[in-house]
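Colleague: Please put together the full structure from these sequences, using the hints given.
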Amino acid sequence: MIRRNFIKNTSLALAGCLLGNPSEIWKNYDQDLIIGHGTHRYKIDLNWGALNAQYYPVKDCHEMVQDSQGRIIMLTNHTKNNVIIYDQSGQLLEVWGTEFPGAHGLSLQVEGGEDFLYLTDCERHEVIKTTLTGKVVLRLPYPKASGKYKSASEYLPTETAIAENGDIYVADGYGLQYIIHYDARGKLLNIFGGKGTGPAHFDNAHGICIDDRNPKNKTLLITARQQNKLKRFSLAGKYIESIDLPGAYICRPVIHKKEIYLATIWSGNGSEGTGFISILDEHNRLVSAPGACQPRYENDKLQPMYQTLKVFTHPHDVCVDQDDNLYVPQWNAGQTYPLKLIRV
Amino acid sequence: MRIMWWLIGLLCLNAACKSPIAQNIQNIKYTPAAQIQLSAPIIALDSVFFHQSATLRLTLDHPEVTLHYATAGEVITRQDNRYVAPLVFKNTQAIQVQAFHPSCRASEVQEIEVVRLNEIAKQATLKLTPAPKAPYDIGGTKNLQDFHKASTAFRAGGWLGFQADTITINVDFPVIQTVRSVGLSFLKDHHSWIFLPERIEVWQDKQPVAQVEIPLATSKQAAALKIKILSFPSINTTKLELKLIRTTKIPAWHPGKGLSPWIFLDEVLVNI
Chain W
1 MIRRNFIKNT
11 SLALAGCLLG
21 NPSEIWKNYD
31 QDLIIGHGTH
41 RYKIDLNWGA
51 LNAQYYPVKD
61 CHEMVQDSQG
71 RIIMLTNHTK
81 NNVIIYDQSG
91 QLLEVWGTEF
101 PGAHGLSLQV
111 EGGEDFLYLT
121 DCERHEVIKT
131 TLTGKVVLRL
141 PYPKASGKYK
151 SASEYLPTET
161 AIAENGDIYV
171 ADGYGLQYII
181 HYDARGKLLN
191 IFGGKGTGPA
201 HFDNAHGICI
211 DDRNPKNKTL
221 LITARQQNKL
231 KRFSLAGKYI
241 ESIDLPGAYI
251 CRPVIHKKEI
261 YLATIWSGNG
271 SEGTGFISIL
281 DEHNRLVSAP
291 GACQPRYEND
301 KLQPMYQTLK
311 VFTHPHDVCV
321 DQDDNLYVPQ
331 WNAGQTYPLK
341 LIRV
Chain Z
1 MRIMWWLIGL
11 LCLNAACKSP
21 IAQNIQNIKY
31 TPAAQIQLSA
41 PIIALDSVFF
51 HQSATLRLTL
61 DHPEVTLHYA
71 TAGEVITRQD
81 NRYVAPLVFK
91 NTQAIQVQAF
101 HPSCRASEVQ
111 EIEVVRLNEI
121 AKQATLKLTP
131 APKAPYDIGG
141 TKNLQDFHKA
151 STAFRAGGWL
161 GFQADTITIN
171 VDFPVIQTVR
181 SVGLSFLKDH
191 HSWIFLPERI
201 EVWQDKQPVA
211 QVEIPLATSK
221 QAAALKIKIL
231 SFPSINTTKL
241 ELKLIRTTKI
251 PAWHPGKGLS
261 PWIFLDEVLV
271 NI
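From first to last, the protein sequence lines stand for chains W and Z.
Counting in our numbering, the first sequence runs from 1 upward without gaps.
Counting in our numbering, the second sequence runs from 1 upward without gaps.
Treat the hints loosely; a few may be bogus.
Unchecked claim - Sample of chain W residues at the chain Z side, in silico, Cβ under 7 Å:
1. N269
2. V311
3. Q322
These are computed hints drawn from the structure, not numbers from a lab.
Here the structure is a predicted model, which is why all the values come from computation and not from measurement.
Virtual Cβ for every residue (Gly too), placed ideally from N, Cα, C.
Modeller: The following block contains the structure:
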């Protein structure tokens, strides 16, 4: 909010300075591309996270979170530096991690006043919990005890969500499509979902989060990416509802204030290089789609979404900071670094 | 009055610049509209393959965008052939479309072909050597004779994917046919390492009938559906042999340089 006020203040200041020719002011202001719709519109800083690739290389930039110090933490599957930590201006603070060749999912949970990271690794076929400095404190291998898996190779976890009581939910989005529920110590409690076309099943259960917007009724939001749906389950694994987002191949849901943010890796018919960002309001309706067409509802149904501007290639996650700015890492985007969208 | 506005402006600017956040804001170089390219127009066709006519609709829902098209392979400009209503085609035709905007860069040119159908290919038996490679082998040769155009989303199905230097398609007709052209429908998707073949050859009784060389792309192009048509003097035959010769190596401008590309095929057509 502070930053948005600053932008407004600066605009007013410039307006005051140049009042002699007001049309020039807005002409210059509009030189910067603004994407998005309604109340969620953004300027773009394409070079926000750019680093010297010789020293800090990336392959796919998969996910990002903000820690309690306000730092932005990014996970890549490059084993020279799996974890890259930035400040909010894009300055490099530190790197660590050389043992996560399939690094994919990254969640942050504050436990007892300390930040912990939950990484999923599709090549190691496990979930790893670490401190902010990379010390491993818990490993969750493939859920053999569930009886659903013949071997670790079938288990390709893509995301975790951590409940307030410490329970861990893992989405096996590239594997057998199950959602695996553990307690905080890693004891298997439940398994549900699985591959299929029914309401309670998934095709690419890529992302998962706890929807805590209603504190009295927290639920799970899980993406069925190839089905262009966001599915809601109870914390006990009972299917509740689906939110249809036709044309939007959504990655993980991120709750921030009353909205849901989703990197949308492909759009339209699923062609390569057609990503955008989806922002749903408190009623779970798509209200802004930076990089895509204006969301339109007809008879309460969202019309198919598609990319209109090539701002993004394959956005894979969205991290939202305290000023509602967005940080976007991308999969398969020419080994480029995350970009930033500054809310206006 | 004007001096007062100047003072207010300077005061605001001074106050804003003292904020620590201002230090970061000053370093941001926002991306100008001129740096960003429009996406290609969305193409909707009632059918790529048709008996009477095909109707094409274009859209790209972004403020101030105009859509333009060409039908003779000419360079598209924002002055020519503005799309204002659905286009109807009654013959086999290639169409190129492009989106323009006053500030953003024009989109890549998107190509589509509509094909007036002849049912002869449906009656033929096809044999593929080598077989398509899993997982892009679902449906087998039925995919090549269903007159259903697959989309540019290669994972969505409908395509056969090949990883071989030469792909041979033996076409056997149940009775003698008079054949004057062959069409092959490909996917071009450089981003996904899918290239068009380098050369296509048509053979009958071990004699060459026709061939076409396809120039290797010199830069990454938009994903597109491509139908390559080889026309030749009419021949009466029950057998044809089609050979697709792959570009041996992905070119140097591509991230996969030096490796072997895929070939994706979804239809074999006769006398189009």
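Colleague: So, for every hint listed, does it hold in this structure?
Modeller: Cross-check of the supplied hints:
| no. | hint | in the structure |
| --- | --- | --- |
| 1 | N269 | 4 Å, holds |
| 2 | V311 | 6 Å, holds |
| 3 | Q322 | 11 Å, violated |
The structure is inconsistent with hint 3 alone, although it conforms to all the rest.
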